[in-house]
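**Q** Residues per chain are reported as follows:
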Amino acid sequence: GAVVSQHPSRVICKSGTSVKIECRSLDFQATTMFWYRQFPKKSLMLMATSNEGSKATYEQGVEKDKFLINHASLTLSTLTVTSAHPEDSSFYICSFARQGTYEQYFGPGTRLTVT
Amino acid sequence: GIQVEQSPPDLILQEGANSTLRCNFSDSVNNLQWFHQNPWGQLINLFYIPSGTKQNGRLSATTVATERYSLLYISSSQTTDSGVYFCAVSNDYKLSFGAGTTVTVRA
Chain F
1 GAVVSQHPSR
11 VICKSGTSVK
21 IECRSLDFQA
31 TTMFWYRQFP
41 KKSLMLMATS
51 NEGSKATYEQ
61 GVEKDKFLIN
71 HASLTLSTLT
81 VTSAHPEDSS
91 FYICSFARQG
101 TYEQYFGPGT
111 RLTVT
Chain Z
1 GIQVEQSPPD
11 LILQEGANST
21 LRCNFSDSVN
31 NLQWFHQNPW
41 GQLINLFYIP
51 SGTKQNGRLS
61 ATTVATERYS
71 LLYISSSQTT
81 DSGVYFCAVS
91 NDYKLSFGAG
101 TTVTVRA
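Going line by line, the protein sequences match chains F and Z.
Under the numbering used here, think of the first position of the first sequence as 1, with each following residue one higher.
Under the numbering used here, think of the first position of the second sequence as 1, with each following residue one higher.
Just chain Z, same shape as in the assembly (with noise of 0.2 Å):
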């Protein structure tokens, strides 16, 4: 399957900052999902991005599909934002997930 590597594995930030999570994938894909899993374990859809940029919010994502990566921006950080952000991909219709980005924004 392919492989998939999230950084970092851990982000601590302060209320009102920014930051940028990565993806790094192993082969050629025709989806590229990002999903933040809340504290009960919801998987809540964030982005549908196999190419391209996105952006809705405060959250805006790019996929660079030539040089297999993505990026999930985060701005003006809330408490709410806190969680696990995984990125999933495939080049069927099995999803390969990597092992996650925990966020904690602090007040």
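Only chain F is shown next, with the shape it has when bound in the complex (with noise of 0.2 Å):
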């Protein structure tokens, strides 16, 4: 149990274009995930948490108006990178928290290139 998907698992897009990003969770009901961002040999960064219904909650230093979070239902949320430029290219990884736990369980990851 506890299987989370992503996808794409890969996207190269043109300057100045959209890009949404799916993420579900497969096999179990969360009210709450995470999107993080992951720059080559470095850490998560963890860039807004949202609950089923709600409006996400952005971390420091993250435009909301670039990084749209729509968490649409218990098993599904987006990100949508708007107006994207070379320096948005990174690797997106998104986290559901199971209901009743702190567990989170990480989807696989969009390794996002901007051209």
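Source of the hints: derived by calculation from the structure; they are not laboratory data.
Model, not experiment: these values are computed from the prediction.
Watch out, some of these pointers could steer you wrong.
Pairs of lysine to aspartate or glutamate residues, derived as EDC-like cross-links and limited to a Cα-Cα distance of at most 16 Å, are as follows [unchecked claim]: (1) K41/F / D10/Z; (2) K42/F / D81/Z; (3) K42/F / E5/Z.
Hints are included, so try docking the two chains, each in its own frame, into the full complex.
**A** Given below as structure tokens:
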């Protein structure tokens, strides 16, 4: 149990376009989910936290208008990178906290390259 | 946020060797997780261990919450154990990650 899928696994887009990343918990329901980004050879940095049906809470320094999060249901969340620029190129990873526990389960990640 | 320090930053092992990875944290926690990040970037849950000791095959972990540290033991290491090991902690839902330990196991 506790499987999280993320789609796409890899995307290349042109500067100025928008990209949507989808994250699903496949076999459990979660009220809270998280988006992280990771630069090469670096650790994960939390971008935002969201609860189902509520607006996301963004970490300091993360632009909410650039990184749009929609937590549509107990099993689905999306991250849209709007007007992407080369500096947005990164590895984006989602996670869910299973209901009733603090333990988080992570998706396989999406590697975004903006040209 | 909670500060997390992992040591050593890099570890090179000969296949079959044992090793210990350490995670120190700066505040009390209700969540501590150990992960293995494989070469494709997937974070694999190893242990959810805010306190106590757990074992899973060749891996085991111990968290001493009162002294704010956790240890991950790898026994009889294999080449497939190579990768980055992360410790992450929280006292709410937000995980703070350490910088990781890069483990290389040589055949």
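**Q** Confirm or reject each hint.
**A** Now for the hints, and whether the structure bears them out:
1. A distance of roughly 12 Å separates the Cα atoms of K41/F and D10/Z; the hinted pair therefore holds under the 16 Å criterion.
2. Of the supplied pair hints, the one linking K42/F and D81/Z is violated, its CA atoms being roughly 19 Å apart against a limit of 16 Å.
3. With a CA separation close to 14 Å, the supplied pair K42/F and E5/Z stays within the 16 Å bound.
In terms of the numbered hints stated before, the structure departs from hint 2 and from no other.
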